[in-house]
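Participant: Listed below are the residues making up each chain.
Number of protein chains: 4
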Amino acid sequence: MNEKLSFASDYMEGAHPAILDRLLETNMQKTAGYGLDEYSEQARKKIRTACSAPDADVFFLVGGTQANATVIDAFLRSYQGVIAAETGHITVHEAGAVEFGGHKVLALPQQQGKLNSGTVRTCLEMYRQDENRDHIVMPGMVYLSQPTEFGTLYSLKELETISACCREYGIPLYVDGARLAYALACPENDVTLPDLARLCDAFYIGGTKCGALFGEAVVFPRRDTIPHFFSIIKQHGALLAKGRIAGIQFDTLFTDNLYGTIGRSAVLAAGRIRDALRAKGYKLAFESPTNQIFITLSREQLTVLSDRIEMSFWESIDNDHTVMRIVTSWATQDEEIDRLIACL
Amino acid sequence: MNEKLSFASDYMEGAHPAILDRLLETNMQKTAGYGLDEYSEQARKKIRTACSAPDADVFFLVGGTQANATVIDAFLRSYQGVIAAETGHITVHEAGAVEFGGHKVLALPQQQGKLNSGTVRTCLEMYRQDENRDHIVMPGMVYLSQPTEFGTLYSLKELETISACCREYGIPLYVDGARLAYALACPENDVTLPDLARLCDAFYIGGTKCGALFGEAVVFPRRDTIPHFFSIIKQHGALLAKGRIAGIQFDTLFTDNLYGTIGRSAVLAAGRIRDALRAKGYKLAFESPTNQIFITLSREQLTVLSDRIEMSFWESIDNDHTVMRIVTSWATQDEEIDRLIACL
Amino acid sequence: MNEKLSFASDYMEGAHPAILDRLLETNMQKTAGYGLDEYSEQARKKIRTACSAPDADVFFLVGGTQANATVIDAFLRSYQGVIAAETGHITVHEAGAVEFGGHKVLALPQQQGKLNSGTVRTCLEMYRQDENRDHIVMPGMVYLSQPTEFGTLYSLKELETISACCREYGIPLYVDGARLAYALACPENDVTLPDLARLCDAFYIGGTKCGALFGEAVVFPRRDTIPHFFSIIKQHGALLAKGRIAGIQFDTLFTDNLYGTIGRSAVLAAGRIRDALRAKGYKLAFESPTNQIFITLSREQLTVLSDRIEMSFWESIDNDHTVMRIVTSWATQDEEIDRLIACL
Amino acid sequence: MNEKLSFASDYMEGAHPAILDRLLETNMQKTAGYGLDEYSEQARKKIRTACSAPDADVFFLVGGTQANATVIDAFLRSYQGVIAAETGHITVHEAGAVEFGGHKVLALPQQQGKLNSGTVRTCLEMYRQDENRDHIVMPGMVYLSQPTEFGTLYSLKELETISACCREYGIPLYVDGARLAYALACPENDVTLPDLARLCDAFYIGGTKCGALFGEAVVFPRRDTIPHFFSIIKQHGALLAKGRIAGIQFDTLFTDNLYGTIGRSAVLAAGRIRDALRAKGYKLAFESPTNQIFITLSREQLTVLSDRIEMSFWESIDNDHTVMRIVTSWATQDEEIDRLIACL
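Residue numbers (our numbering), protein chains in the order written: chain L, 515 to 858; chain D, 515 to 858; chain A, 515 to 858; chain X, 515 to 858.
Derived from the structure by calculation, the hints contain no laboratory data. Check each hint, because a few of them may be wrong.
Stated by the list, open to error - Derived pair list, reagent style SDA-like, types lysine to any residue, alpha-carbon separation capped at 20 Å:
#1 L:K518 x D:E552
#2 A:K559 x A:D569
#3 D:K518 x L:R853
#4 X:K518 x A:Q543
#5 L:K518 x D:N541
#6 L:K518 x D:W828
#7 A:K518 x X:G547
#8 L:K518 x D:T540
#9 D:K797 x D:W828
#10 A:K518 x X:M542
#11 D:K518 x L:E552
#12 X:K518 x A:L550
#13 D:K518 x L:K518
#14 X:K671 x X:R642
#15 A:K518 x X:N630
#16 L:K518 x L:R853
#17 A:K518 x A:I740
#18 X:K518 x A:A621
Isolated chain L, as found in the complex (with noise of 0.2 Å):
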C-alpha cells in the first residue's frame, strides 16, 4: 500500500508465515479459554526449556505496555516506584499506565539508553540512608529493556552487576524484551534466555515486534513468584478469551529455534545500513547493534531523505538537526536494503 520505502518501524507487517499457517490449521479446532489449551502449554513448556527455567511460570499477554504495566503492578506494594532509566519505555512512551496502576517511575540517568549498576546502587543506597525515607517513594524494583530503546544491550556482565545490586537490596529486577529476539541475534550479544531466567525475577519475550500478530511472553523464573497473577491479568484487561491465540504463537516461535534466528537478517541488514551510512558521510546519533539505526540529518538530508523513506522521528536535537530512526524487521527484504541504501 506504501510507495515510499518503509523503515519505521518493526511491527508494519503481519505475522511470519510459520504462524499464520499454524493458525489456519488449527483454527476449527475446539479447546478451552484463558490459555488453559495444550498449544498454550506446549509454549510455556518450550520457553521454559529454552530458558532452562523448569518451574517458571509463563503468561502470554497482548502487548508491551500491558505486560510492563501488569508485571509492575504484581510486584509493588502501592508505596513503592519502580526505577528504570530516564529514557526508558515505561518512563516516556506508555501514556502513564506505571502511574495509573498508582506507582511512581523513578527516573534514573542513562548512558546510550541503559541504566548502570552503580546508579541503581546509590539511588537504593540514598534511599536507605535517608533519614526522611518514609516521606518519599520506596525503589521497589528495577526495569530495564534489552535491547533498548536505542538499540543498545547490556552485556552479560552489566545484567549480572545489576542483577546482584538487586538481589542485595532485596528487590527484583524485571526485563523488558520487546525486542529481544533483535538481541539474541545479535553477534555483540553475550546474554541468552538463560541467563535472563538466572538474573530476573520476571522478564518478557516479544513477540509483536519479533514475527508474531501480538503478544509478549511473561516469564517468572522461580515458579509462584507473583501468586494470583491470573487474576491479576484479568483486572488489568490483559487476559485473551482464546488464548491459543498467543499460545500457538509462541509454540511456533518456540519450534526449531525459530526465535533464537527470526531476528538474524533484521540485524544484518541494519548492519548493511549502518555501514552504507557511514560510506556515505552520515552522521550515527549513537551506536547500537541491533535492528535500530539512529541518524542525526541535516534539515536538507532530513527533507532528502524523509520524501523516499519512511523512517520515524526521534528527536529535534537544534533548529538544524533531527534524529530519525530506521528500523529493519525480520520481514525487512534484502531489495528494500539495496534500494534504501540507494537512495542516500
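Based on the hints, put chains D, A and X in the right spot on chain L.
Facilitator: Frame of chain L; chains D, A and X shown alone:
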C-alpha cells in the same frame, strides 16, 4: 482435541475462515501501526455505515473486560460510579477491573439479567434527593449488555425507556455487545445497530465471541464524545501495535453483512436444542432467545450429561440441583447438535 | 447557635474539656513532628496497656473514612476486595474511598447492621469452590463496625466466631470503632479492648465522635503487621505534621480510663429517650443499645418533631413514614434530655 | 521538652494563642458538621475578602500533601500529569500521593526551587508538537509553591508570566502555599493574595506551618471550578467531621489580618540569623528571603553545631559538606535567636 461434545462457550474456535483468509492475503503488506492503517479506516467506515452514524468515533480494542474498563474510566469522573445489574459482567466477572480504575459498580436488582428503567430511575432519583448525596458515590453512567449474561434481550422499547431516563438525568448509557451478533441474528430482537447508535453514548460490537480471533469495536456515535480516548487506550495497556490485525477482522465482519448473519446458525441451533430439552422434560432455568441455554439439572442428570457434553457451570441451586449453561456459536455444526440431542 | 434541640449527631461539639486543657498547657512546647513526639509515644503506651497488647503498633489518623481507606489499602493486594455489610460505612457512606484505592467492597446481607459468621463463611467458601474464581474479586479481609451504623453491638461470641472464620480462611479481620466508646460504656456490651486486640488484625479506636476534636487511633495488635504503614499513611495524605495534636488527645482519653467512661452518660441518656419514646407510643425502627436511636415517624409526627428537634434523616419507608435518627453524645446534658422528652 | 535549640521546622509548636482561645470559647457550642457551620462560613467570607475574590470557593483540608493530592486529582483527567519543579514537594516529599491518584508528576528543571515560564512553555510546546503525543502523558496543570521548598519567592512578574503561559495553553495553575504567611510577611515579596486569586485557578493558604494546629484553606477563585469538590474531598478521606475546628482556626487567622502579619517575626528572625551567619563566615547554600535558611557546613562545623542546634538535614554535597536547614516560625522567640547566634 476434544472427544466430548463441546458446548462450554462461544470462544473455543479460532476465527471465521473469511477473516483468516484476509489476514493471510494482507500479511506481508506494510501498514502504519496503532489503527492508523487503511484497513482499520475501512472498517471504521463500514461500521459507521452499518450504524447509520456517520460521525461515530470507532476504536478497536482486544477484549471485553478491557473495553469495559477503558470506556467506563473514560466516561466517569473520579467521584462517580457505574450503574449495572447485580449480575452484570462488570459487576461479577471482571476481577474488579472497574474498581482498579477507581470506580464503584453500583449494582442494581435485575430480572433475567436485565435492568429496568424504573430501577435505574429510582437509583438516580434517590441520589438526587439524598441530603447526604455528597458523601456517597454519584451514579455517573449506566452499563448494560445486549444480550445480557443470561442470553436475554432488551426490547427496543425497553432500551428507549432506559436511554430516555439517562438523558433526563444527564448521564451516558453504555452497552456491552460482547455477543451482539447473536442478538442481531435473533428473530425476537428488534434493536438494530442504528438503534444502539441513536440510544447509547457508547457501545461495543463484540468480535471475540462472534467470529474474530479477538477484538471489540468500541463505537461512540457522536464524534469527540471522549477527547483523547486514544491516550486513555494506551494508558490502559489496550493499544494494539499492529492495529490492522483488529481492523482487518472488523473490515471482514462488516463486509457483505457478515456480522449481521454470523450468529444466525447459532441461534437456530440453540432453538433446536431448547426444543429438544423441553421435549425430553428438561427444565430451562431461564427463557433466553439467543445462543445461550440455561438448564437446571438434578444431580443425576448432571452426572450423566457432564460425561458426554462439556457445558459450563452457572450456579448451584441446592445440593441436588445445578444450573448449567450450553452455548452455541457461529462455528457450531449441525452434526454436533444432532449428537447433543441424541445424548439428552 | 442553635435554638432547636440538637440531636443530629455526636460530632457537633468541640472536645472534652480535659483535652482542650492539655492542648493549652502544652501549646508552646516544641516537639518533633509526625507522631514522633513524647505525647504520641505516651498515648501509644497507654493504648497498648488498655488493649493488653504490648506489641501493638498504634498510629493516629485524622478521620474515620481516612482510617478505613488507609488500613484497607494496606491489607489488600490489588486483586482483593473487602467483605462488609451492605449497610456498612465503607459500603455506602464514604464516597467510594475504598474503590478510589482500587478495591471492591464485597457487600453482604446484614441483620440490624451486623454481618454474621455464616454469611461470611458462605462468601469465603463460595469463592474457594468457584471454578471461575480467578475471574472474580478475591475476598481479602473482613470489615465490620462496633457498634454498627445501626447502633447495634456484636457480642463477644459473635465476634469470636467471625474471627475464627477469618483465621480459618487466612484473611484479616478489621473493626471500625468510630463510636467504640459508646459500645464500651454500654451495659449490653461484652467485648473489651483486649478482646478486640485478641480477635482482630486491626481496629481503630474512634476519637472524633467520642470526645476528641478529631482523631482515630489505628491499632495493629501484632507488631509489623503492615510494614511501612507510615509511608502508606503519608501517601494517603493522612499524615499529620503536628502529630502531637492527635497524640495529646489520645493520651488524655487514655488517662484515668476517660475513654472507658466518656460514653456512659450518652448511653444512659439514650436509654431515657428510648423509654420515653416507647411510653409515648413511638415506634423504634431498630433496637439499638448504644447512643443512636432510630424511630419510624409518620408524616405528621415528623413535621411536628422536626420543628423542635434537629434529628438526622435515615431513610424513607414509604410516602408516609420516615426513619429518623436521634444521637446522644458525651456532651449531651440532662437538661437537653428533659426538654427532648417534653417535646415528644 | 528539648534542651537543644530547636530550629528544625515550623511545625513544632501548637497553635497561635488566639486560635486556642477561640477553640476554647466555642468548644461546647453545637454546630453542623463537615464545614457547614457558621464559623467556617465566616472564615470563607473573610478569605474571599482578603483575596478580593468574592466568588471564590473555599474548602478547609487538614494537611498539605492531602490538599495537593485532592486538588490535583480534581483538576486532571486520567491521561494527564502535573508539571512541577524536580525539587517540588509533590515531586519528592509526598510518598507518591499524586501517583497514588493515578497521575504522573512531570518534573522539570528548576532554579533555586523555582520553575521558569520558559521551561514550562517548552514542555507544553514540545507536547503539542510531538507526533507521538498520544503515547505520552499530557501536561494537564502546573504546580508551584510560594514560597518554594528552598524558601525562595516567585516575583509578581514571574508568576504573571507563568500564569499567562498556562492560560495560553489552556491548563490550570495551582500554587501550594504551605508557608504562604512567610511570603506575605517578607519585604522582598510583591505577590499578594488578590494576585494569587487573579493568576491561579487554585491555591491553598497554609495553616499548619503558619500558626494553626492544622489546616489548609484551598481557594478556587472562580466559583464551581471543580463541580462536586466536596465529594472528592470525602473520597480522599480528607473531610473533617468537625469541620468547624478548621473553620474557627482560619476565621481567627483572617481576623484583624493575623495571617498577613503572623510570619513577620519569623522573617525578621531569619534575617538576623542570616546576617550573623554571613558575619561569622558561614556559607549560605541558597539565598532565600523567607523563614528558611540553608547553610553549607563542613563536617567539623556540622558536628559542633548539631550538638547545640536542632536543624534539619537537607542534602549531602560531598563527603565533607552537608547542607542543613534552619527554620524560624511565628513562635520563634528573640531569646532563641540570641542563643542561636551565640552558638555560631
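Participant: Work down the list of hints and note, for each, if the structure agrees.
Facilitator: Status of the hints after comparison with the structure:
{"no.": "1", "hint": "L:K518 x D:E552", "in the structure": "holds, 16 Å"}
{"no.": "2", "hint": "A:K559 x A:D569", "in the structure": "holds, 10 Å"}
{"no.": "3", "hint": "D:K518 x L:R853", "in the structure": "violated, 56 Å"}
{"no.": "4", "hint": "X:K518 x A:Q543", "in the structure": "holds, 13 Å"}
{"no.": "5", "hint": "L:K518 x D:N541", "in the structure": "holds, 18 Å"}
{"no.": "6", "hint": "L:K518 x D:W828", "in the structure": "violated, 55 Å"}
{"no.": "7", "hint": "A:K518 x X:G547", "in the structure": "holds, 16 Å"}
{"no.": "8", "hint": "L:K518 x D:T540", "in the structure": "holds, 18 Å"}
{"no.": "9", "hint": "D:K797 x D:W828", "in the structure": "holds, 14 Å"}
{"no.": "10", "hint": "A:K518 x X:M542", "in the structure": "holds, 15 Å"}
{"no.": "11", "hint": "D:K518 x L:E552", "in the structure": "holds, 16 Å"}
{"no.": "12", "hint": "X:K518 x A:L550", "in the structure": "holds, 17 Å"}
{"no.": "13", "hint": "D:K518 x L:K518", "in the structure": "violated, 53 Å"}
{"no.": "14", "hint": "X:K671 x X:R642", "in the structure": "violated, 25 Å"}
{"no.": "15", "hint": "A:K518 x X:N630", "in the structure": "violated, 56 Å"}
{"no.": "16", "hint": "L:K518 x L:R853", "in the structure": "holds, 10 Å"}
{"no.": "17", "hint": "A:K518 x A:I740", "in the structure": "violated, 46 Å"}
{"no.": "18", "hint": "X:K518 x A:A621", "in the structure": "violated, 54 Å"}
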